[in-house]
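Student: These protein sequences, in sequence, are chains A and B. Number 460 in the numbering used here belongs to position 460 of the first sequence; there are no gaps in the numbering. Number 17 in the numbering used here belongs to position 17 of the second sequence; there are no gaps in the numbering.
Mixed in with the good hints there might be a few duds.
Stated by the list, open to error - Across the chosen pairs, the derived CB separations fall in these ranges:
# : chain 1 : residue 1 : chain 2 : residue 2 : range
1 : B       : 13        : A       : 320       : 49 to 59 Å
2 : A       : 161       : B       : 47        : 30 to 40 Å
3 : A       : 163       : B       : 47        : 38 to 48 Å
4 : B       : 6         : A       : 461       : 51 to 61 Å
It should be emphasised that the hints constitute simulated quantities derived from the structure, not laboratory data. Think of the CB as a built atom: it goes at the ideal place given N, C-alpha and C, for glycine as much as any other residue.
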Amino acid sequence: MSSQHEPAGYRQGRWKEPPLLERGGGPSRAATLPEEDLEGLVPVTLRRTHLRWPDVAENVVVRHFTRLSNRNFGVDSGMYPLGSCTMKYNPKICDETVWLPGIAAQHPAQDESTLQGTIGALYEMQTWLAEIAGMHEVTLQPAAGAHGEFTGLLLIDAYHQDHRQTQRDQVIVPDTAHGTNPATAGMLNFEVLEIPSKEGQVDLERLKGAVSDRTAALMLTNPNTLGIFERDVAEIAAIVHEAGGLLYYDGANFNAILGKCRPGDMGFDVVHFNLHKTLAVPHGGGGPGSGPVGASEALAPYLPIPMAAYDGTRYYWDTDRPKSVGKVRSWQGSTAAVLRSWSYLKCLGAQGATALTEVAVLNANYLRAALEGTYDLPFPGLRKHEFVLSAQKLKEERNVRALDIGKRLLDYGFYAPTVYFPLLVHEAIMIEPTESEPKEELDRFIAAMKSIATEDPTLVRNAPYHTSVSRVDEVNAARHPRLSFRMEHPPSP
Amino acid sequence: MTNVPEHLRYTKEHEWVVLSGGIATVGITDHAQDSLSDVVFVELPAVGGTVAQFAKVGLVESVKSVSDLYTPVGGEIVEVNKALEGAPELVNSDPYGKGWMWKVRPSDPRQVEQLLGAAAYRALLGH
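Generate the whole structure from the sequences, applying the supplied hints.
Tutor: Have a look at this one:
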């Protein structure tokens, strides 16, 4: 294979082997237990004679999972510039914190007196997040961002019901919002009013035309999905409040404002965090995430129960909140995720949190400035933590699409950026480097993006070549899905 | 430059409509299918239902995105294109023919005349 095909010397593992459950049956085993040792320990009636469990040696198991990991790409393998997702590197100390036996081995049903350390840390987290967001109180229960939005709109709905404003059945969402915003409002049976943006920001005239006594809330993603901070945020808040509506802040892009400014100071009533984006909880593997929600003083009474509380001598779970919307999650939420973020904030401190934001914004603008000559940047100017390029020109001139560029980046040892979102940019490529990438890695990414723009279009259209799975037929897969957990192609039906 | 046939009427949302024998046939334009890229799924309205003009009646999903479908004409849905269930790619290969989506018996046929003509739709696309 030519060096043109293999630009970074990067190759993913490719292994052809069956799942563990289809192996075994031979003489080797990881461990054997003398049968007589079970006497007196496990009653005969509780013993199973057959387990669907492969008889394989320990090294077979270890190699199997190591090989699976060779076929994977994660933020521990390389840069993961997936815009909108904040795939930063998660320091290992945050994992080590929750592996401590005192945390890992505890159960939420234990008596409060035996959970003082944990409830105390969660209480601290509630307090810190409230301070960071400029909110009165914070619940740690929601399982992830969209669940946080759902919880936030529940609070808003409860507030309007309580204030005899039951006619408020509309939620306004700008077209630069996260896709989950309209979905959440729809889930709660609100009517969604989408307003188009103007030069990449909320169009104040359109907003004035949209608010009425039916407005329950405006959901704003700030900075928005173009990475642009809403210049008129104070006026936006005033327009919605004057109409009697409330303001919901989608905090998914907190990586651009942490320690710099606070949604509460911008006039917002409710805000959610994505701990798995901003505060070093691993994500992309299906969870668990964590989406704490902060509420202003007026909305705090409706927050879910229980809340971690402190009476001056001991920490406890407070359930005595009569206006609460109730529980939104089993137990007290994703405690291990919250404690990872707790340890992350402990390491950062206030100064570190501010520096994080500065470097995240610097990194994004370093990439933007380097790439905007090669790709088009709709709505020119500075960005916060992420930016959106358009590959429209490459599509027209070379028949190379955003999708092809993403696929080709894999050959260079980078994860692909978000493509085709937000919808208002044609052939969108949404890039978020995060603060954790060193300058050498950013420079390598710039070189890769520039190189792809001039590479043979056929080469780019058929990429990737050096991943464990090469170009897949997405259209056929979507039209005729055949799901399989196997490493290789499933047998024909 | 995409195909915009003279004899059809259009909406800003990139649907086309043609009135024939008192029945309006609706689909999405060549420009729409090109922007969406490969269509993988089409959800169509229920036959027999009554819909208002510009009501959301279905959706079209491509490998890039999911978009709502709006009916350019109100009335009773009399037929939908069942072939799209098994072959959504017809929307890409023949948007004005075999890729049609639904048929409406208009409650007010004059609604069709108020829609964009071919020249106005071309202007919308910047052609």
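Student: If a hint holds in the structure, say so; if it does not, say that too.
Tutor: Going through the hints against the structure:
no., hint, result
1, 13(B) <-> 320(A): 49 to 59 Å, "holds, 52 Å"
2, 161(A) <-> 47(B): 30 to 40 Å, "holds, 39 Å"
3, 163(A) <-> 47(B): 38 to 48 Å, "holds, 44 Å"
4, 6(B) <-> 461(A): 51 to 61 Å, "violated, 35 Å"
Violated hint: 4 only; the structure is consistent with all others.
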